[in-house]
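A.B. asks: In case you want the letters, here they are:
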Amino acid sequence: GIQVEQSPPDLILQEGANSTLRCNFSDSVNNLQWFHQNPWGQLINLFYIPSGTKQNGRLSATTVATERYSLLYISSSQTTDSGVYFCAVELADSWGKLQFGAGTQVVVTP
Amino acid sequence: DTAVSQTPKYLVTQMGNDKSIKCEQNLGHDTMYWYKQDSKKFLKIMFSYNNKELIINETVPNRFSPKSPDKAHLNLHINSLELGDSAVYFCASSRQGRYGYTFGSGTRLTVV
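Residue numbers (this note's numbering), protein chains in the order written: chain A, 160 to 269; chain B, 271 to 382.
Be careful, since some hints might not be right.
As the list claims (entries may be wrong) - Residues on chain A that point at chain B, a partial pick, calculated with CB under 10 Å:
1. Ser210
2. Tyr228
3. Tyr232
4. Gly262
Claimed, not checked - Take a look, some chain B residues computed to stay more than 10 Å from chain A by CB distance:
5. Ser290
6. Asn296
7. Ser309
8. Val382
The set of hints was computed from the structure by calculation and includes no laboratory data.
Just so it is clear, the structure is predicted and the values come from calculations on it, not from any experiment.
A virtual CB, placed ideally from N, CA and C, is assigned to each residue, including glycine.
Could you put the whole structure together from the sequences, leaning on the hints where they help?
C.D. replies: In structure tokens form, the structure reads like this:
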């Protein structure tokens, strides 16, 4: 099956710092999504990004499908950015089934 | 207004019992899912329904049975609960092939 690898596994940031999270995948995909799981366990969809670049406030994401990777940028991090960031990919003809990476645990300190 | 709502939020039960988790979405999505998140936070799909029809059934024990009475509801019934069933179960929905998922807030199941 497809492999979805996220790096780094853990990240500690001081408030105000910028960071980049990476997601590599081993096969062609239909789409890619980024999620944030906050410390209370809620999973929030950040981006639906099969290719190209999108921005949402201090967050932006870029997917280069031909090279099988995606990047999530966090700028001017805040303590509310803490949590686990998941990348998930959907294969063609998989009826929306998402294959998740193991996540990047982010801790933003004041 | 909650877009995808799951009940209950917490469930503590003894081994051998039968329990159900309910899920409802008001987004007009045509596809609903059950995912299981284990103690290491790994998320894996269990089932998916599209317009009330089962379309994905991963290798899940027969003790787990999903039911979709209509396209806005997807319930999960678990028979003869085992210790290894302890996990967080997430319901989600999407519009097939077009948009991202919306997840419910999860049900933390603890089997003792």
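A.B. asks: It remains to establish, for every hint, whether it holds in the given structure.
C.D. replies: Each hint tested on the structure:
{"no.": "1", "hint": "Ser210", "result": "violated (14 Å)"}
{"no.": "2", "hint": "Tyr228", "result": "violated (19 Å)"}
{"no.": "3", "hint": "Tyr232", "result": "violated (18 Å)"}
{"no.": "4", "hint": "Gly262", "result": "holds (6 Å)"}
{"no.": "5", "hint": "Ser290", "result": "holds (20 Å)"}
{"no.": "6", "hint": "Asn296", "result": "holds (16 Å)"}
{"no.": "7", "hint": "Ser309", "result": "holds (13 Å)"}
{"no.": "8", "hint": "Val382", "result": "holds (20 Å)"}
Checked against the numbered hints above, the structure violates hints 1, 2 and 3; every other hint is satisfied.
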